[in-house]
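Starting from the known structure of chain A, arrange chain B on it as the hints suggest.
Sequences listed follow chains A and B, in order.
With the working numbering as the guide, the letters of the first sequence map in order to residues 1 to 115.
With the working numbering as the guide, the letters of the second sequence map in order to residues 116 to 226.
Be a bit skeptical, because a hint or two may be false.
Calculated cross-link-like contacts (lysine-lysine; reagent style BS3-like; alpha-carbon spacing at most 27 Å) [as the list claims (entries may be wrong)]:
hint, chain 1, residue 1, chain 2, residue 2
1, A, K44, B, K157
2, B, K157, B, K183
3, A, K44, B, K213
4, B, K157, A, K38
5, B, K157, B, K213
6, B, K213, A, K52
Since the hints were made in silico from the structure, they are not lab data.
If you want the building blocks of each chain, they are given just below.
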Amino acid sequence: DAMVIQNPRYQVTQFGKPVTLSCSQTLNHNVMYWYQQKSSQAPKLLFHYYDKDFNNEADTPDNFQSRRPNTSFCFLDIRSPGLGDAAMYLCATSRGLAGGSSEQYFGPGTRLTVT
Amino acid sequence: KQEVTQIPAALSVPEGENLVLNCSFTDSAIYNLQWFRQDPGKGLTSLLLIQSSQREQTSGRLNASLDKSSGRSTLYIAASQPGDSATYLCAHRSNTGKLIFGQGTTLQVKP
Chain A
1 DAMVIQNPRY QVTQFGKPVT LSCSQTLNHN VMYWYQQKSS QAPKLLFHYY DKDFNNEADT
61 PDNFQSRRPN TSFCFLDIRS PGLGDAAMYL CATSRGLAGG SSEQYFGPGT RLTVT
Chain B
116 KQEVTQIPAA LSVPEGENLV LNCSFTDSAI YNLQWFRQDP GKGLTSLLLI QSSQREQTSG
176 RLNASLDKSS GRSTLYIAAS QPGDSATYLC AHRSNTGKLI FGQGTTLQVK P
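Chain A with its partners taken away, still in its complex shape (with noise of 0.2 Å):
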């Protein structure tokens, strides 16, 4: 079936140990996004990729970055994650911007820990 997956679903790092999340997709859309949730919270949008062009949402930490190396692939990269940068990470994809295309499907997730 085509789908969004996250790897790992659940990650155990360090305070201040770089840490990187994994998503990739096989719906060969166009738009990859990345969400910050934390508890009994909305999903917040942290920057999405339209094809290789990146997009930065302007309230998002310049501790976190993103990659993304082809059309199927995306990283989330925390440089010096914190206590604060505990939640879950949520990936989601969209074949355009506008209109229908632009209805998002999600991943599981990934569930960061920062000890």
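Showing chain B alone in chain A's frame:
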């Protein structure tokens, strides 16, 4: 500031009841509105997408409506089942392509 509000925050109903979840938004220039389901500790599953030119969408026991003039959307669930228990999130797409989410309504359907 664009905001999305969902009321109620939590809802508990007996099995078989029809129910309505509410979503209101402040941005009148929305492009579309999407309803999602989220099970505990899991990702989001898209339920329905309503384009700004549409008034409603239906999928099985779910019906979502959109009234742009009043800034409201509702998700109607018919004949609720225990398996419907989850958090339901609405989100609208802004003119920048960003999804603006509400906080969600956590639904519990009791057998």
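Inset, instruction - Determine which of the earlier numbered hints do not hold for this structure and return their numbers in increasing order. - result: 2
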